[in-house]
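Q: So the chains spell out like this:
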Amino acid sequence: MERYAAGDDLAFANVYDAIAPRLYTYLLRQTRDAGAAEDLVQQTLLQMHRARGSFIAGSLVLPWAFAIARRLFIDRVRHTRRELGTMCDAEAPDPVSTETAEQAVEAQQLAARLSDELRRLPESQRVAFELLRMDGLSHVEAAELLGVTVNAVKLRAHRAYVALQTVVEALFGTKSEESQEPHAPCETPGGLSRSDE
Amino acid sequence: MNEPPARSRANALLHTMTGHSEPSPPLSCPPADLRRRVLAAVEGEPSRTRRQQQVRNAALTLFGGVVPLVLFFWKGGLRQDPRPDVLVLETAGGAACAAFVAGVLAFSRGRSMLGRRRASLLVLTVAAPVALLLLKIGPSAQFPGMMASWAERRGFRCLWLGVLLAPAPLLAVLLSRRGTSPAHPTAAGAAMGAAVGACVWVLVDLWCPVAYIPHLFIGHVLPVVLTTVVGAFFGTRILDLPGLRRGNARESRG
Numbered sequence: 001m002e003r004y005a006a007g008d009d010l011a012f013a014n015v016y017d018a019i020a021p022r023l024y025t026y027l028l029r030q031t032r033d034a035g036a037a038e039d040l041v042q043q044t045l046l047q048m049h050r051a052r053g054s055f056i057a058g059s060l061v062l063p064w065a066f067a068i069a070r071r072l073f074i075d076r077v078r079h080t081r082r083e084l085g086t087m088c089d090a091e092a093p094d095p096v097s098t099e100t101a102e103q104a105v106e107a108q109q110l111a112a113r114l115s116d117e118l119r120r121l122p123e124s125q126r127v128a129f130e131l132l133r134m135d136g137l138s139h140v141e142a143a144e145l146l147g148v149t150v151n152a153v154k155l156r157a158h159r160a161y162v163a164l165q166t167v168v169e170a171l172f173g174t175k176s177e178e179s180q181e182p183h184a185p186c187e188t189p190g191g192l193s194r195s196d197e
Numbered sequence: 001m002n003e004p005p006a007r008s009r010a011n012a013l014l015h016t017m018t019g020h021s022e023p024s025p026p027l028s029c030p031p032a033d034l035r036r037r038v039l040a041a042v043e044g045e046p047s048r049t050r051r052q053q054q055v056r057n058a059a060l061t062l063f064g065g066v067v068p069l070v071l072f073f074w075k076g077g078l079r080q081d082p083r084p085d086v087l088v089l090e091t092a093g094g095a096a097c098a099a100f101v102a103g104v105l106a107f108s109r110g111r112s113m114l115g116r117r118r119a120s121l122l123v124l125t126v127a128a129p130v131a132l133l134l135l136k137i138g139p140s141a142q143f144p145g146m147m148a149s150w151a152e153r154r155g156f157r158c159l160w161l162g163v164l165l166a167p168a169p170l171l172a173v174l175l176s177r178r179g180t181s182p183a184h185p186t187a188a189g190a191a192m193g194a195a196v197g198a199c200v201w202v203l204v205d206l207w208c209p210v211a212y213i214p215h216l217f218i219g220h221v222l223p224v225v226l227t228t229v230v231g232a233f234f235g236t237r238i239l240d241l242p243g244l245r246r247g248n249a250r251e252s253r254g
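In order, the protein sequences belong to chains A and B. Going by this note's numbering, 21 is the number at position 21 of the first sequence; the sequence numbering is gapless. Going by this note's numbering, 203 is the number at position 203 of the second sequence; the sequence numbering is gapless.
Note that these hints are calculated values from the structure, not bench results. Among these hints, one or two may not hold up.
[Unchecked claim] Here chain B is said to cover these stretches of chain A; the calculated rule only asks that three of the stretch's residues, wherever they fall, bring their Cβ under 8 Å from a Cβ of chain B: (1) 44-50; (2) 63-69.
[Stated by the list, open to error] Cβ-to-Cβ under 7 Å is the rule here; a few derived chain B residues that face chain A: (3) T49; (4) R50; (5) G145.
None of these values were measured; they are calculated from a predicted model. Even glycine gets a Cβ: it sits at the ideal position worked out from N, Cα and C.
Next up, chain A with everything else stripped away, as it sits in the complex:
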C-alpha cells in the first residue's frame, strides 16, 4: 500500500491479492450473498484507491479496509432493509460432512444454537469475537478498527467465548476439553497488517 500511495500503480494488484480474500470472506459472512459480497469488495477497494493519497505511512491497512467494508455494508443494509446477519449457516464450517444424516442434523442444531447465542451477545462482544476468530484480525488490528484498547478487545472476545462455551457445557453437562485457555493471543498468520505489504 505504501508503494501504491507513493504512485506505483502496479502495486495495487498486490494490495488486491493481500486484502481481497479477507474482505470477501468477511463480507460474504455478513451479506450471505456472493454477488453482494463481490460488489462490496469492489467498492471497498475503489474507496481505498481513491484515498491512496491520504494513506499514512506505517499505518495498518487491514483495519482501514475492514472499516470501509463495514461502513459500505451498513450503508447497503440500511437501504435494502435486509436483516443483518452475523452468522451464515451456509458458510459455517461443516465438521461432520461425512457423517450420518442424524449426526448432520444434530450438528446443524448445535450450530444454530451457537449462532443464536452469538447473536444474543452484546454487540461489542460479538463484533470483537467475529473480528478476531472469524475474520482473523490480530488484537492490535481489531482494537484499531473498534477504537478501543487491545485489552478491551481481548476481554470482549473472552466474554463471548465463555458465553459460547457455556452453551456447549449446558448441552452436554460437562466442561468441554480444550476450553481452559480462551484468552490466548490470536495473531493472524499471513495477515496484511503493515503498510509495506
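Starting from the structure of chain A, add chain B where the hints point.
A: Only chain B this time, still in chain A's reference frame:
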C-alpha cells in the same frame, strides 16, 4: 477417546468457530473475474498520489490561513486598548497554545488511517471551549477592571467576527480530509470545528478587549460552538466515504 460423538462435534464446531483448531480462519476465494473487474475499475478512475494530495492540502491550508487573516485585518486587526500588553500576551498566547494543541489533535489522524478514537475527539470537542474560556478569564481576573461590564458590547460584534472568520479554515480542513473518516466522520468533523473555533478565538481575542463573562459566552464561546456544530454537520457529509447514499450517515464503529 470415549467422548460422545455429539459433544465431540460440539467441541470441534466451537473450536473451529473460535479459531483454536486452525492456524488461521478459512478464507473464501473471491471469483477470478472480480480481480479483473476491480483492477479495470481502478485503472479507469485516476486518484491522487500522496505527493499530489500534499500539494492540494498545502493549497487548502494556505487558503484556510490567509483568508481569515485578511478578514481580521480588514476588520481592524489588533485592538489592545484598554488592555495592558501583558494581558494581551497572556490571553492570546494561552489561546494560541490551546488552539495549537486542538489543531494538532483534530486535524491529524495520528498513525491510524481511522483517525483518533471517537472518545478522544469528543473530549477535545468539549474541552476546547472550556479551556479557552478559562484561559481568558484567569489572566483577565488578575487585572482590575478588565472583567467589568461593557453595556454597549454585548458580544454580537465578536460573534459576527467569529462567524466571518471561521468558514474558510473550516472548509479547508474538511476538504483536506475529504473521505478519510469511514469510522466516525461526525465526531471528527466536530473536533475539527472545535479546533477551527479555537483558532478563530485567538483572532477574536486580539480584536476584542472585553472579558465580561456574558459577553464572552455570546461573542467568544458561541462561535466555537457554532463551528463545532457546523463541523459535525459537514463532517458527516465530507469526511465520510464518498458515494454513500445520504440520510443514513450514522457512525459505523462498533
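Q: Does each hint fit the structure? Answer for all of them.
A: Against the structure, the hints come out as follows:
Against chain B, the segment 44-50 of chain A contributes 5 residues with a C-beta closer than 8 Å to a partner C-beta. That satisfies the three-residue criterion, and the hint holds. Coverage of the segment 63-69 of chain A by chain B holds [criterion: at least 3 residues with CB-CB distance below 8 Å; count 4]. Restraint check, T49(B) versus chain A: the minimum CB separation of about 4 Å is within 7 Å; hint holds. Using the Cβ-Cβ criterion of 7 Å, the hint placing R50(B) at the interface with chain A is satisfied: the shortest such distance is roughly 5 Å.
Annotation: G145(B) was flagged as interfacial toward chain A, and the flag is violated, the nearest CB pair being 48 Å apart, outside 7 Å.
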